[in-house]
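J.: Numbering (numbering that gives the first Met the number 0), first residue to last: 0 to 445.
What the hints contain is simulated information worked out from the structure, not anything from laboratory work.
Virtual Cβ for every residue (Gly too), placed ideally from N, Cα, C.
Careful, some of the hints might be misleading.
[Unchecked claim] Once the Cα atoms are required to be at most 20 Å apart in a straight line, the calculated SDA-like pairs of lysine to any residue come out as:
| id | residue 1 | residue 2 |
| --- | --- | --- |
| 1 | Lys122 | Leu238 |
| 2 | Lys320 | Asn394 |
| 3 | Lys320 | Pro344 |
| 4 | Lys320 | His440 |
| 5 | Lys128 | Ala222 |
| 6 | Lys122 | Asn236 |
| 7 | Lys128 | Leu238 |
| 8 | Lys128 | Val112 |
| 9 | Lys128 | Asn236 |
| 10 | Lys279 | Arg267 |
| 11 | Lys122 | Leu133 |
| 12 | Lys128 | Gln225 |
| 13 | Lys128 | Ser117 |
| 14 | Lys122 | Arg267 |
| 15 | Lys122 | Leu227 |
| 16 | Lys122 | Gln225 |
[What the hints assert, rightly or not] Cβ-Cβ distance ranges computed for the label pairs, FRET-style:
| id | residue 1 | residue 2 | range |
| --- | --- | --- | --- |
| 17 | Arg248 | Gly131 | 41 to 47 Å |
| 18 | Leu108 | Gly131 | 31 to 37 Å |
| 19 | Ser124 | Ala258 | 47 to 53 Å |
| 20 | Gln397 | Gln81 | 18 to 24 Å |
| 21 | Ile406 | Asp322 | 16 to 22 Å |
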Amino acid sequence: MPCYGDRLLNRLGCREKAPFGPVGTEPAPATDVSLHRPSTRAVGATQALSLICVAAGVLTSTSPVARAAASGQLQEQISAGQSHAAALGSAVSAATAHLSQLGSGISLLERRVASIQSELNAKRSELLKLRGALSTATTRLVALEAVAARADEVLSRQLISAYETDQFDIVSVVLEATGFNDLLERLSFAQRIENQDVRIVSQARAARRAVAAQATRLGARNARQQTLTTQALNERNSLDRATVTLLRRRIAVSQARAAAAGQLADARDQVTAGQQQLSKLEAAQAAAPAAPASPAGPVTGDATDPSGGSSDGGFIFPMPKQDAAPPGTWSLDQGVDIAAPGGTPLLAVGSGTVVLHGIGGFGPSAPVLHLDSGPYVYYGHAGPGNWVPVGTHVNAGQVISEVGYGIVGISSGSHLELGFADSSGSPIGSSAAPHMMSLLHAAYAG
Numbered sequence: 000m001p002c003y004g005d006r007l008l009n010r011l012g013c014r015e016k017a018p019f020g021p022v023g024t025e026p027a028p029a030t031d032v033s034l035h036r037p038s039t040r041a042v043g044a045t046q047a048l049s050l051i052c053v054a055a056g057v058l059t060s061t062s063p064v065a066r067a068a069a070s071g072q073l074q075e076q077i078s079a080g081q082s083h084a085a086a087l088g089s090a091v092s093a094a095t096a097h098l099s100q101l102g103s104g105i106s107l108l109e110r111r112v113a114s115i116q117s118e119l120n121a122k123r124s125e126l127l128k129l130r131g132a133l134s135t136a137t138t139r140l141v142a143l144e145a146v147a148a149r150a151d152e153v154l155s156r157q158l159i160s161a162y163e164t165d166q167f168d169i170v171s172v173v174l175e176a177t178g179f180n181d182l183l184e185r186l187s188f189a190q191r192i193e194n195q196d197v198r199i200v201s202q203a204r205a206a207r208r209a210v211a212a213q214a215t216r217l218g219a220r221n222a223r224q225q226t227l228t229t230q231a232l233n234e235r236n237s238l239d240r241a242t243v244t245l246l247r248r249r250i251a252v253s254q255a256r257a258a259a260a261g262q263l264a265d266a267r268d269q270v271t272a273g274q275q276q277l278s279k280l281e282a283a284q285a286a287a288p289a290a291p292a293s294p295a296g297p298v299t300g301d302a303t304d305p306s307g308g309s310s311d312g313g314f315i316f317p318m319p320k321q322d323a324a325p326p327g328t329w330s331l332d333q334g335v336d337i338a339a340p341g342g343t344p345l346l347a348v349g350s351g352t353v354v355l356h357g358i359g360g361f362g363p364s365a366p367v368l369h370l371d372s373g374p375y376v377y378y379g380h381a382g383p384g385n386w387v388p389v390g391t392h393v394n395a396g397q398v399i400s401e402v403g404y405g406i407v408g409i410s411s412g413s414h415l416e417l418g419f420a421d422s423s424g425s426p427i428g429s430s431a432a433p434h435m436m437s438l439l440h441a442a443y444a445g
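From just these sequences and the hints, can you work out the full model?
T.: Now the structure itself:
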């Protein structure tokens with residue numbers, strides 16, 4: 000049964016590496032990959048590791064043609080990585096320039112803030128003066144209103160008194176005078192009364208005019224105070240909005256630049272790893288003519304070479320053939336998917352040592368077998384039955400695990416995915432799957 004979830008993760012480049020410990024210790028169960036999303040740096044590191052593993056396998060090959068092909072492939076990947084790094088570098092430079100522009104804008108805004116703050120301080124001082132003037136004007140208005148009230152009261156009493164008493168006139172004064180001196184005194188008294196009436200009326204009118212003028216000034220100062228307060232609040236709010244907008248833009252650009260910088264570091268790491276492997280390949284090619292020709296015979300692979308241990312015909316089918324689905328239903332993934340019932344025994348394809356248990360996406364019980372001939376083989380979606388401890392050396396055909404029941408890891412049902420892995424237990428990838436398929440067909444037919 001095909002492992003569609005594995006294929007999807009393979010296409011997305013999101014296969015998660017399983018945790019592992021030193022040989023002889025039992026590792027913790029692997030975390031299911033669906034619960035964690037690997038970072039771009041982790042994916043780049045996995046790709047670089049795969050590139051290094053393939054190159055290391057080629058280094059051990061004695062075929063100049065294979066070395067030349069691997070050298071060309073490395074050069075293409077290095078060139079592509081350099082182009083990608085150049086594009087990321089341009090993106091980082093553009094983000095840096097954008098940040099510089101935003102910094103200039105923020106500096107200009109800060110200067111504007113300082114200028115407006117000075118204006119606000121001046122307006123605040125003016126407001127304080129206006130408040131003092133308003134307090135004084137209010138006190139003055141109260142006093143003027145009191146004066147006007149007293150003047151109105153005096154004028155009212157004077158009018159009432161004049162109404163209730165006889166009016167002085169010249170005829171009455173002359174007729175009632177007893178002599179010239181008395182006449183002069185009566186005339187002077189009448190004149191004083193008239194002047195007092197005029198003065199009282201004038202004072203009352205002046206007091207009313209003063210009250211009206213003071214009220215007008217008080218109203219103008221109140222209006223000025225309200226205008227200054229509104230202007231200060233509007234300018235402050237405008238500055239706050241502009242500052243927040245610029246800061247948000249700077250944060251967004253900083254995050255984008257950090258992401259691009261991280262991707263750039265990954266790309267440069269991959270390019271560096273590829274260049275190092277290319278240098279090793281070139282050195283191996285230069286030394287190849289001087290090396291003695293190796294006798295014909297089985298090729299022994301290393302930790303990442305999937306060809307080792309297969310040409311001698313010692314590859315064992317990984318389960319009882321009667322329990323496996325027919326070859327026509329097998330499918331390629333990072334390894335080869337073979338449908339089988341849960342609990343089907345899984346056999347060692349060759350003599351070797353069980354070095355790991357648990358692979359991200361393949362379940363916590365998936366074993367990794369390090370063959371004596373060199374390669375690492377993983378048994379994806381295996382169950383916990385027939386568990387063989389890490390560090391156990393097994394013979395070809397020995398039971399080391401079983402097919403997991405139901406869905407184990409990321410899968411669509413009970414099946415085994417058998418493929419080549421690197422020394423960390425991570426699948427090498429779909430490039431090695433066809434070779435595994437040919438080995439399985441030969442073992443099934445044998």
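J.: Now look at each hint and say whether the structure bears it out.
T.: Hint check:
1. With a CA separation close to 17 Å, the supplied pair lysine 122 and leucine 238 stays within the 20 Å bound.
2. Simply put, lysine 320 and asparagine 394 have alpha-carbon atoms about 18 Å apart, close enough for the 20 Å limit, and the pair holds.
3. Between lysine 320 and proline 344 the alpha-carbon distance is near 11 Å, which keeps this suggested pair within the 20 Å criterion.
4. Restraint check for lysine 320 and histidine 440: satisfied, since their Cα atoms lie roughly 11 Å apart, inside the 20 Å limit.
5. Distance restraint check for lysine 128 and alanine 222: the Cα-Cα separation of roughly 14 Å lies within the 20 Å cut-off, and the hinted pair is therefore satisfied.
6. Restraint check: the Cα-Cα separation between lysine 122 and asparagine 236 comes to about 16 Å, which is no more than 20 Å; the hinted pair holds.
7. Among the hinted pairs, lysine 128 with leucine 238 is inconsistent with the structure: their alpha-carbon atoms are about 26 Å apart, more than 20 Å.
8. For a cut-off of 20 Å, the pair hint linking lysine 128 to valine 112 is broken: about 24 Å separates their Cα positions.
9. Between lysine 128 and asparagine 236, the direct Cα distance comes to roughly 24 Å. Violation of the 20 Å bound is thereby established for this hinted pair.
10. With a CA separation close to 18 Å, the supplied pair lysine 279 and arginine 267 stays within the 20 Å bound.
11. Taken as a hint, the lysine 122 and leucine 133 pair is honoured in the structure, with Cα atoms around 16 Å apart against an allowance of 20 Å.
12. Taken as a hint, the lysine 128 and glutamine 225 pair is honoured in the structure, with Cα atoms around 14 Å apart against an allowance of 20 Å.
13. In summary, the hint linking lysine 128 to serine 117 is supported, as the alpha carbons are separated by about 17 Å, within the 20 Å threshold.
14. About 58 Å separates the Cα atoms of lysine 122 and arginine 267, which puts this hinted pair outside 20 Å; it is violated.
15. Under the criterion of a C-alpha separation no larger than 20 Å, the hint pairing lysine 122 with leucine 227 is consistent with the structure, at around 7 Å.
16. A hinted pair counts as satisfied when its Cα atoms are at most 20 Å apart, and lysine 122 with glutamine 225 qualifies at roughly 12 Å.
17. At roughly 44 Å, the beta carbons of arginine 248 and glycine 131 sit within the given window of 41 to 47 Å.
18. Distance hint for leucine 108 and glycine 131: a CB-CB separation of about 34 Å, consistent with the stated range 31 to 37 Å.
19. Between serine 124 and alanine 258 the beta carbon distance is about 49 Å. The supplied range of 47 to 53 Å therefore holds.
20. About 48 Å separates the C-beta atoms of glutamine 397 and glutamine 81, a value inconsistent with the hinted range of 18 to 24 Å.
21. Here the CB-CB span from isoleucine 406 to aspartate 322 is close to 19 Å, well matched to the stated 16 to 22 Å.
Consistency note: the structure conflicts with the earlier hints numbered 7, 8, 9, 14 and 20.
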